[in-house]
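Chemist: Residue strings, one per chain:
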Amino acid sequence: MSTTHEFQVGEPVHINGLNIVCNVEKELGSGTQGKVYSLISPDNSPLVLKWYFPSMATNEQYDILESLIQKESPSNRFLWPLALVNTPKKEGFGYVMSMKDSRFKSFSLWLSRKINPSFKALLTACFELVQSFHLLHSKGLCYQDLSLNNIYFDPENGEIRIGDTDNIVINGEDKGNVIGTPKFMAPEIIIGKTLPNTQTDLYSLAIILFYILFLNHPLEGKIESSIKSLDLPSMSKLYGFEPLFIFDPNNDSNYPDPAFHANAIIFWNIYPDFIKRIFVRAFTNGIKDPMHGRVRETEWQITLLSLRDSIYYCKQCGSENFFVPDSSVFEKLTIPVELGGNNSDFKVQNRSSNLEEIQSNSVCWNPQCKTLNTHILNIRIDDRLFVALNHDTKLFLHHIDPDHKYDFSSPVAEVSRHPTDPRVWGLKNLSAYPWKVSKVNGDVIEVNLKQSFSLVPGTQIDFGRSKGIVCY
Amino acid sequence: MTLPGGEISKRELHFIWIVDCSGSMRDDGKIQALNYAIKEAIPHMQKESENNIQANLLISALKFSTGAQWIIPPTRINEFKWTDIEAKGETDLGQAFLLLSEILHIPPMTERGLPPVLVLLSDGQPTDNFKDGLDKLLSEPWGRKAIRVSIAIGEDANTDILQRFIGDGERQPLLARNPESLTKYIKWVSTVVQSASARPKSQQKYYDGSISNVDIPKPPEMISGATDVW
Ligand SMILES: [Zn+2]
Chain S
1 MSTTHEFQVG EPVHINGLNI VCNVEKELGS GTQGKVYSLI SPDNSPLVLK
51 WYFPSMATNE QYDILESLIQ KESPSNRFLW PLALVNTPKK EGFGYVMSMK
101 DSRFKSFSLW LSRKINPSFK ALLTACFELV QSFHLLHSKG LCYQDLSLNN
151 IYFDPENGEI RIGDTDNIVI NGEDKGNVIG TPKFMAPEII IGKTLPNTQT
201 DLYSLAIILF YILFLNHPLE GKIESSIKSL DLPSMSKLYG FEPLFIFDPN
251 NDSNYPDPAF HANAIIFWNI YPDFIKRIFV RAFTNGIKDP MHGRVRETEW
301 QITLLSLRDS IYYCKQCGSE NFFVPDSSVF EKLTIPVELG GNNSDFKVQN
351 RSSNLEEIQS NSVCWNPQCK TLNTHILNIR IDDRLFVALN HDTKLFLHHI
401 DPDHKYDFSS PVAEVSRHPT DPRVWGLKNL SAYPWKVSKV NGDVIEVNLK
451 QSFSLVPGTQ IDFGRSKGIV CY
Chain R
1 MTLPGGEISK RELHFIWIVD CSGSMRDDGK IQALNYAIKE AIPHMQKESE
51 NNIQANLLIS ALKFSTGAQW IIPPTRINEF KWTDIEAKGE TDLGQAFLLL
101 SEILHIPPMT ERGLPPVLVL LSDGQPTDNF KDGLDKLLSE PWGRKAIRVS
151 IAIGEDANTD ILQRFIGDGE RQPLLARNPE SLTKYIKWVS TVVQSASARP
201 KSQQKYYDGS ISNVDIPKPP EMISGATDVW
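Protein chains in written order, with our numbering: chain S, 1 to 472; chain R, 1 to 230.
Treat the hints as calculated values from the structure; they're not laboratory data.
Where hints are given, some of them may not hold.
[Unchecked claim] Some chain R residues judged to face chain S by a derived CB distance under 10 angstroms, without partners named:
(1) T2
(2) I8
(3) S9
(4) H44
(5) E50
(6) N51
(7) I106
(8) R112
(9) P115
(10) R171
[Said to hold, decoys possible] Here are the simulated lysine-lysine pairs, DSS-like style, with alpha carbons at most 27 angstroms apart:
(11) R/K10 <-> S/K228
(12) R/K47 <-> R/K10
(13) R/K10 <-> S/K222
Just so it is clear, the structure is predicted and the values come from calculations on it, not from any experiment.
No residue lacks a Cβ here, since even glycine has one placed at the ideal position from N, Cα and C.
Extracted from the complex, chain S is given alone in its bound form:
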């Protein structure tokens, strides 16, 4: 017995939009909207068919897919609908999309600690997420159902893929079947004030970033652990009607419960203040004022990249730590106040920003190590940003060309080691443009492609579009 909206293994699927006939390889899974099958295609390109349950195969859904297929994907990070599929033999309709490579894993594996990504990979994934949704939103589109269930990352390098793109609609059109996923939905949706829109996407994005970086939900603190049975009414209250950030600087009644929310406390103590400040804003003003209080994607991008650039390896144990230059330098550069930078309105709970506190960041977080890392080699560029210089650090156009922000396509510089004296570290020019390097003794030398100069503190580099200085 087979039903008319299901496919059997081996069954042919005519994909007219792509002018090919595939065969069903196997059922990959069944969700709330339909079933997903892997396909065997003529040129072996990995394709997936999603076929809707009859009740979900609405005209509206069909129109959404049709318009998405016309629009084309904002980037290769989206598993975008490629073609609609209809067949007289089956009820409803479906669509095909590319299958993600097996190197992309669910973030739930990270939250369950079944995989071991680095901070660098996690921050790269966070940045890519923010960048991808920025692209999507700037096209006037809204995702509507952003959650950890539909995003994937490569734990080796942080590259991401975004699935379930069939709910993407033009912002404000109120189309589609979904209103979101519990725990990721903006409070204003839960209390019934609004339907998904780009502002609610921004909220879900902040939830995802917090989950990835703190392994805890930003609203799950003491109030959550006091709930015995987390059912729908108690969830509506916790995430919708009375949301309270666990690190709200003005209200500690939902502070993390050490018995259940140890992760939140551990990671809060490791990250530098500037990233905590932006999360405070995302979950205080960002909740109070959905229209104007939310952290924008461009702000997340700058902040997440600053954090990634601040990673250094502990000299004793090799753990990734976060480097913060002394406060006088730091306040001058990094994130402007209007982008959630140093602003007294967004104090970080239990932390003053005096110098001693900042220096405590240089004690390795590894409880078995706790080594004090006093001198971290880094490069400060135009008082705009700084990058810790590790054995594997690479610089990109993003760092040295203000007109090419977020361009990580190919490295322009990398840290190198002197070929005969391994104690000497240098910076190698990987770009076609010569650098003018002013040594501490005043000499000026030219450093061309494949050449390196020694990373002596005080050395200044004219990259052409920007100037850097080596600090220690």
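Given the coordinates of chain S, assemble chain R with the ligand onto it according to the supplied hints.
Modeler: Quick look at chain R with the ligand alone, frame taken from chain S:
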């Protein structure tokens, strides 16, 4: 290097099979179909719970015929094994509800849990006083909060009683007319319903709003062939 911290803290989710193994389950291979269907569902259940960031799934089972007994204590999904059960005796559903109500409070339930999932599978008519048992079950806060699902095996099942177990005005019992639909329904409850309590899923814009505790997606849509009725 491993990053600091540990696994995200999860809540306990009890998933309980309540299985009718009265004598009538012997007819037409119903008990064999049930044993087969649950075993089929286990790997899907494991896969579903792997992506779960919210719940530690604990599965247990009790059977009722003449009297009622626990056959599997709360077991983690990765260690869960189904032992085939045999059918004989009466249909003491009330006894099963009483036994169930004994555990649906704290302790043995945890201080930090999710609404339990209770799945009742039955083919017939209770032979004891099921009403007292049901009242006792629903008087327990965790019994009331539980997601209660029932599957009628074959046309002879008393769907009225299965409906009362679920609660009035909520979902309806699923009628499994044949082994295929039984397998499908069991897979559905053990994955979709499990995750409704455990793993947040996309919520539909136009769901009927009648379910108060947990938002459960629709049961699988199936068209049963009329010829292969038991
Ligand atoms: Zn260390």
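Chemist: Which hint numbers doesn't this structure obey?
Modeler: 10
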